[in-house]
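The listed protein sequences correspond, in order, to chains A and B. Residue numbering for the first sequence follows our numbering, starting at 143 and increasing by one per position. Residue numbering for the second sequence follows our numbering, starting at 339 and increasing by one per position.
Worth flagging that the hints you see were computed from the coordinates, not collected in a lab. A portion of the hints provided could be inaccurate.
Unchecked claim - Partial selection, computed: residues in chain B whose CB lies under 10 Å from chain A: (1) V414; (2) A449; (3) T479; (4) G480; (5) G560; (6) E562; (7) A567; (8) I578.
All C-beta atoms in this analysis are idealised placements derived from N, C-alpha and C, irrespective of residue type, glycine included.
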Amino acid sequence: MAWVARTINSSIGKKAVMAVSGLLLGLFVLVHMLGNSTALAGRDAFLAYAAALHAHDRLLLVFELLLLVFFLVHVTLALLLTLANRAARPVPYAVTGRAGGGAGIGPGSRTMLYSGLFLLVFLVVHLVQFKFGGRELPVADLLRQVLAQPLFTIFYLAAVLALTLHLSHGFWSLWQSLGVEHPKYNPLLQRGAVALAVLTGLLFSLVPLAILFFPDFLR
Amino acid sequence: MSTAKAPIRLTLKIWRQTGPDAPGAFREYPVGPLSPDMSLLEMLDVLNEELTRQGEEPVAFDHDCREGICGMCGAVVNGRAHGPQPATTLCQLHLRHFKDGDVVVIEPFRAGAFPPVRDLVVDRGAFDVLIAAGGYVSVNTGGAPEANTLPVPRAAAEKALDAAECIGCGACVAACPNAAAMLFVGAKVSHLALLPQGEPERARRALNMVRKMDQLRFGNCGNEQECQAACPKGIKIDNIARLNREFLRAAIKSEET
Ligand code: FES
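The shape of chain A in the complex, shown without the other chains:
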């Protein structure tokens, strides 16, 4: 099995693992976004969704542990790759003029590290607020309580923006890293990634915005 370690240790192997873990995390984000969006259907739908989710506590725990593993792998590799990349150019340029690749990928690619780090901070806060804290309250009220504070509304919206940026590059980049590429489907993959990222961002931001603008939302 030495070949497995050797492959994963190579530059392309690390990227492949980044891609697969990123894909699985991305799928989680999409599911989370859909679940979250039940809030838009009202308090009852949201609470019913939360109850249904927690009816399978064991299964949920397995998924959470898997997610934690993917997450740690993704973040650790990102840091290792970043360090190696910094070392690969010991003397920086005096002038850096990015061409942007000319492929219309947009600002996502060059900000992956920063959007990723911000999401890491967000995730810790988010878990403390919703997973490990506030168990006494129904989740709809907890949500309203947290997002009643403008600072957190801004924080959550900023995280949604970071997520959108991260996914806009990630949802395409992961296929490229895995070597999935075809002239007929490439444009679809690239545009699909951006579209999916924007859709995710929009749906995620609707809830904090609704709480901000409609005092009766989820009541």
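Put chain B with the ligand on the given structure of chain A with help from the hints.
Just chain B with the ligand now, with coordinates in the frame of chain A:
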């Protein structure tokens, strides 16, 4: 002849470094008036003649064919490898793409795997090491076989030829935010993997070239596509996807344990 174009003056900021371990710094040189039809390298020639007259060391820079086919020239001009023109080598970059009075910053390709030699010259020998690691086909000598015994689909031939356009200048490494050599290796692996002649060594080539690339401490691809924008030959990143595919496939299918 068309009417003469207005000559231009430029302020050059050129990286000067006397040797591999010497500290380097930018020096400023006002040049002109020069014909806008002059190439950037010809401008450096003019500057160097002037420097020689003044008893100063001329600016060292790599060049050979000066017609965009050998891959010897290369420097980063105003933050862009081979300058601001797409699909253009440095030797084919003309002063008409600059405005009178422009400041032009010229620095060498920067990457740990391309150590500095002098001024704008860097050692791109790492590319030769990469080629030696697998960028070839082993062919028995003797009479050439009849061409039609090895059918090559037209689409494969086109893609292989597109990849084979790579002149190995190193601009992809220079332009990559991570100093990765993926476009170069991707082009070499693609060009041979697509053709029947490359088939026997296909898996070994992908494995060995990628391992060598990692050993030489090139960076990792971030799919930022800067390489494709800088490549003077328009090599596309689908070659990087193919390299990823070839490497992962070879790692899984090869019999090494
Ligand atoms: S000198 Fe040959 S490509 Fe520029």
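Inset, instruction - Find the hints from earlier in the document that the structure breaks and name them by number, from lowest to highest. - result: The structure breaks hints 3 and 4; every other hint is satisfied.
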